[in-house]
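Enquirer: Sequence:
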Amino acid sequence: MKLKVSNYVKGILFLGILTMGLLLATGSSFAAQKSSGLDGVKILDKDTTYQYDLNGDGKADTIQYKTTENDEKHTATIKLYINKKLCLTKTDDGLFFRVFILDLYKNDNHLDLFIHTGMESDGVKNAFFVQYDGTKIVNKIKFDIDKLTKNFGTYRYSIEETDGKGKFTTAIDTPIYSKATGCYYCYVSFILKDNKISIVPASTYTLTKFSREYTYKAVKGFSVYEKAGSKKAVYQVKKGDKVTFDRMYVSKTGKAYFRIINSKGKKGWINSDQENLFAELPLWG
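In terms of mature numbering (1 follows the signal peptide of the UniProt record, and there is no 0), the sequence shown is residues -31 to -1, 1 to 254.
Please keep in mind that the hints were generated in silico from the structure rather than gathered at the bench.
Heads up, a few of these hints could be off.
[Unchecked claim] DSSO-like mimics (lysine-lysine), calculated; alpha carbons at most 27 Å apart, straight line:
| hint | residue 1 | residue 2 |
| --- | --- | --- |
| 1 | Lys11 | Lys162 |
| 2 | Lys119 | Lys35 |
| 3 | Lys35 | Lys53 |
| 4 | Lys189 | Lys233 |
| 5 | Lys42 | Lys28 |
| 6 | Lys221 | Lys116 |
| 7 | Lys224 | Lys201 |
| 8 | Lys211 | Lys236 |
| 9 | Lys11 | Lys53 |
| 10 | Lys11 | Lys109 |
| 11 | Lys15 | Lys75 |
| 12 | Lys224 | Lys207 |
| 13 | Lys105 | Lys162 |
| 14 | Lys221 | Lys189 |
| 15 | Lys109 | Lys35 |
| 16 | Lys162 | Lys186 |
| 17 | Lys236 | Lys189 |
| 18 | Lys162 | Lys134 |
| 19 | Lys15 | Lys119 |
| 20 | Lys15 | Lys42 |
| 21 | Lys136 | Lys75 |
| 22 | Lys196 | Lys178 |
| 23 | Lys196 | Lys207 |
| 24 | Lys119 | Lys189 |
| 25 | Lys109 | Lys189 |
| 26 | Lys94 | Lys116 |
[To be verified] Between beta-carbon pairs, the in silico distance windows are:
| hint | residue 1 | residue 2 | range |
| --- | --- | --- | --- |
| 27 | Asn76 | Thr31 | 43 to 53 Å |
| 28 | Lys28 | Lys196 | 50 to 60 Å |
| 29 | Lys105 | Thr17 | 36 to 46 Å |
These numbers were taken from a predicted model, which means no experiment stands behind them.
Quick reminder that beta carbons are idealized off the backbone N, C-alpha and C, glycines included.
Generate the whole structure from the sequences, applying the supplied hints.
Expert: What follows is the structure in structure tokens.
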């Protein structure tokens, strides 16, 4: 079995996942957008000025942030300016900061800024949301994804979309490692309500487009089962068959299963702990 995807390609993959759901800024200033007019999630580049109506007063607010890094102390500092006024300063362990703008609640007349520290290999740490009330930063809410997801690995993730009603969906890199599939990205949703964030309860998670389209070639035959954890086989994968995966199911005990699809579109489930099934797996650090 080959370990596929170099560090370089891994970086390209994560950027692709990151940009898949994000409407990326181009580095030039945006015309002012009303609080209710922002769609999707946009990444803001440092040292670049953007214009958004942050608090729904009908006036454009200018947004810019600057960062400095201290390699010896392994820290980064962000300074966030709104209307040329320093509104937030934060120093944290990490290599850099990233800032995103989105609209969690369409009816609250405020846009939201999502800020986090960046680690090696695009890891995410110490993330939080804030709003601007026209004078100062308000409603700072920590997004502690590790505590919210419990048994998931959450070193690398991105916010992909929001429904405008408090729910936002992340793409998480390999929340549960699978010997069968290797690395993958899947969607996990959260909701912000009454200034508290909680995970949207689920047992089945959809893989991202990249992971759904990755094709595996079987190196040996194995059984595919009707339901996750069941003993009723629905078909056999033969050596040389090409298959894909589209969903992950997590049982109450934390055991993971993946839904597998053959070239004829037939679906079933396999245990995530099965190994040496395929010639190549997507693997990265």
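Enquirer: Indicate, hint by hint, whether the structure satisfies it.
Expert: Cross-check of the supplied hints:
1. Lys11 - Lys162: holds, 22 Å
2. Lys119 - Lys35: violated, 33 Å
3. Lys35 - Lys53: holds, 12 Å
4. Lys189 - Lys233: Given that 27 Å is the threshold and the Cα spacing comes to 18 Å, the pair holds.
5. Lys42 - Lys28: The hint is violated at about 40 Å.
6. Lys221 - Lys116: holds, 17 Å
7. Lys224 - Lys201: Given that 27 Å is the threshold and the Cα spacing comes to 18 Å, the pair holds.
8. Lys211 - Lys236: holds, 13 Å
9. Lys11 - Lys53: holds, 21 Å
10. Lys11 - Lys109: holds, 19 Å
11. Lys15 - Lys75: The given pair, whose Cα atoms are some 26 Å apart, holds under the 27 Å limit.
12. Lys224 - Lys207: The hint holds at about 25 Å.
13. Lys105 - Lys162: holds, 22 Å
14. Lys221 - Lys189: violated, 30 Å
15. Lys109 - Lys35: holds, 19 Å
16. Lys162 - Lys186: violated, 44 Å
17. Lys236 - Lys189: holds, 18 Å
18. Lys162 - Lys134: Status holds; Cα separation ~9 Å.
19. Lys15 - Lys119: violated, 32 Å
20. Lys15 - Lys42: holds, 21 Å
21. Lys136 - Lys75: holds, 11 Å
22. Lys196 - Lys178: holds, 23 Å
23. Lys196 - Lys207: The hint holds at about 20 Å.
24. Lys119 - Lys189: Given pair Lys119, Lys189 is violated - Cα atoms ~34 Å apart, limit 27 Å.
25. Lys109 - Lys189: Judged against 27 Å, a Cα distance of about 52 Å means the pair is violated.
26. Lys94 - Lys116: holds, 13 Å
27. Asn76 - Thr31: 43 to 53 Å: Between Asn76 and Thr31, where Cβ atoms are some 25 Å apart, the hint is violated.
28. Lys28 - Lys196: 50 to 60 Å: holds, 56 Å
29. Lys105 - Thr17: 36 to 46 Å: Violated, at about 22 Å.
Hints 2, 5, 14, 16, 19, 24, 25, 27, 29, counting from the list given before, are not met by this structure.
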